[in-house]
Amino acid sequence: GAVVSQHPSRVICKSGTSVKIECRSLDFQATTMFWYRQFPKKSLMLMATSNEGSKATYEQGVEKDKFLINHASLTLSTLTVTSAHPEDSSFYICSAWNSAEVHEQFFGPGTRLTVL
Amino acid sequence: GNSVTQMEGPVTLSEEAFLTINCTYTATGYPSLFWYVQYPGEGLQLLLKATKADDKGSNKGFEATYRKETTSFHLEKGSVQVSDSAVYFCALSDWGGSEKLVFGKGMKLTVNP
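Chain order of the listed sequences is A and B.
Sequential numbering of the first sequence, starting at 5, is according to our numbering.
Sequential numbering of the second sequence, starting at 222, is according to our numbering.
Looking at chain A on its own, in the form it has when it is part of the complex (with noise of 0.2 Å):
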């Protein structure tokens, strides 16, 4: 299947600091981008989805002015996690499908951000 990459795989933050997670694919044009984000013991809730060169769709309850998406790329979105706090402190993963070839998502292996 394709390939997705997410970088970093871990980050450290202090509380009211910025972090900026990537997700690439690395074999294919990605059309559609989802983030995901995941607690211990819970499923997989999605954030928001991201089409290339339009604005993001975000989940009820999910916060546009702290989790800012960027899709500008068929291979290239990024999660902007602004004034993080400990309570953001998560695992994050994203998807990638092109809706043109193959209706499948295909996933990174996440991101673990620790804030302090």
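It should be emphasised that the hints constitute simulated quantities derived from the structure, not laboratory data.
Careful, some of the hints might be misleading.
[Unchecked claim] Below, computed lysine to aspartate or glutamate pairings styled on EDC-like, alpha-carbon distance capped at 16 Å:
1. K321(B) to E63(A)
2. K321(B) to E108(A)
3. K46(A) to E320(B)
4. K68(A) to D31(A)
For this one, chain A is given, so just place chain B on it according to the hints.
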């Protein structure tokens, strides 16, 4: 809204044991159903899927049948291997797997030799 309920575990089995992971769903429409697997240190991978009632998805010895009457999509494997140790997620989407996925909580399986 749509939701997925699955066994949470963790579950530990011996090699060659029979595996069943229960999954039930609620959906407003006619969803597609999926099982994803996450091996240690890796991203989620699609294990199998079914898009309509009575469809059976199968892959790597795993099977699951879309049961509309019981709103279930239980995962089974007749003889597990150590390499099957992973976290298994049941999921649904409203259409074709390309729309939003709703996941169960995941179940960690450990298979001992």
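Quiz item: Do the alpha carbons of K46(A) and E320(B) lie within 16 Å of each other, as the hint requires?
Solution: This hinted pair is violated, its Cα atoms lying about 21 Å apart.
Quiz item: Holds or violated: K321(B) with E63(A), Cα cutoff 16 Å?
Solution: Given pair K321(B), E63(A) holds - Cα atoms ~10 Å apart, limit 16 Å.
Quiz item: For the pair supplied as a hint, K321(B) and E108(A), is the alpha-carbon distance within the 16 Å limit?
Solution: The given pair, whose Cα atoms are some 11 Å apart, holds under the 16 Å limit.
Quiz item: Between K68(A) and D31(A), does the CA-CA distance stay at or below 16 Å?
Solution: violated (29 Å)
In summary, the structure is inconsistent with hints 3 and 4 from the numbered list given earlier, while agreeing with the others.
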